[in-house]
Amino acid sequence: GAVVSQHPSRVICKSGTSVKIECRSLDFQATTMFWYRQFPKQSLMLMATSNEGSKATYEQGVEKDKFLINHASLTLSTLTVTSAHPEDSSFYICSARDLPYEQYFGPGTRLTVT
Amino acid sequence: GEDVEQSLFLSVREGDSSVINCTYTDSSSTYLYWYKQEPGAGLQLLTYIFSNMDMKQDQRLTVLLNKKDKHLSLRIADTQTGDSAIYFCAESKGAGNMLTFGGGTRLMVKP
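Note that the protein sequences, when read in sequence, are chains A and B. Every position in the first sequence, counted from 1, becomes a number in the numbering used here once 109 is added. Every position in the second sequence, counted from 1, becomes a number in the numbering used here once 447 is added.
These are calculated hints, taken from the structure and not from any lab test. All figures in this text were calculated on a predicted structure; none of them were measured in a lab. It cannot be assumed that every hint is accurate.
[As the list claims (entries may be wrong)] From the structure, some residues in chain B lie toward chain A, with a derived Cβ separation under 7 Å:
| hint | residue |
| --- | --- |
| 1 | P486 |
| 2 | A488 |
| 3 | G489 |
| 4 | L490 |
| 5 | M545 |
| 6 | F548 |
| 7 | G550 |
Backbone N, C-alpha and C define an ideal beta-carbon position, used for all residues, glycine too.
With the hints as extra help, turn the sequences into a complete structure.
Right, dumping it as structure tokens:
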């Protein structure tokens with residue numbers, strides 16, 4: 110089946126620094142990738158839709174200047190959390206669309222901002 | 448607006464059947480999904496159903512869809528301890544569109 114990887118799996122950073130999270134589709138090309146955020150014991154909330162070669166579409170309430178998304182190739186999308194603060198600590202999960210109706214999720218990245 | 452709801456918790460004994468329920472409000476939902484999330488991990492797609500179907504079976508998993516009542520259920524036969532996880536239902540409006548998730552149901556399987 111389709112495999113999506115994320116890197117890093119865990120990251121701890123200091124407040125005010127920036128962190129980049131990578132999402133890769135390993136065995137298929139993904140024109141669309143999605144970024145979700147999950148707080149402890151809560152569901153996933155869509156942050157943005159990332160389309161290869163174009164600007165990401167952000168959900169209401171998500172700051173595009175804070176969460177920079179780049180989808181430079183058909184197998185890679187990156188999420189950069191800029192000027193991170195403790196409230197940005199969360200579990201970030203990406204997904205990539207393979208077949209039209211199937212999304213495959215990465216294993217997630219746990220971000221802790223100290 | 449879109450809303451997907453699930454009960455928070457379900458506890459069953461090993462070998463019994465588990466039934467996890469989900470309701471949604473948007474009648475234009477065309478694809479409905481069940482995902483499994485183990486602790487600290489991402490989501491694993493278990494199965495999906497198109498809105499023009501009312502049942503889908505895949506090994507131990509049976510999905511039932513009542514489109515009139517906007518009710519979706521996932522039945523796991525012969526539940527095992529390895530089935531303990533959080534199960535999310537999700538809906539989307541079209542192929543490859545964003546997913547709207549329910550809050551997740553934590554399934555605990557007792558030996």
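Evaluation of the provided hints:
1. P486: This interface hint is violated because 11 Å lies over the 7 Å limit.
2. A488: holds, 6 Å
3. G489: Holds - the Cβ of G489 (chain B) comes within 7 Å of chain A, reaching about 4 Å at its closest.
4. L490: With Cβ-Cβ at 4 Å, under 7 Å, it holds.
5. M545: This hint holds: M545 (chain B) lies near chain A, its Cβ roughly 5 Å from the closest one there, short of 7 Å.
6. F548: Cβ of F548 (chain B) sits 5 Å from chain A, so the hint holds.
7. G550: Hint on G550 (chain B): holds, closest Cβ of chain A at ~5 Å, below 7 Å.
The earlier numbered hint that this structure contradicts is number 1, and it is the only one.
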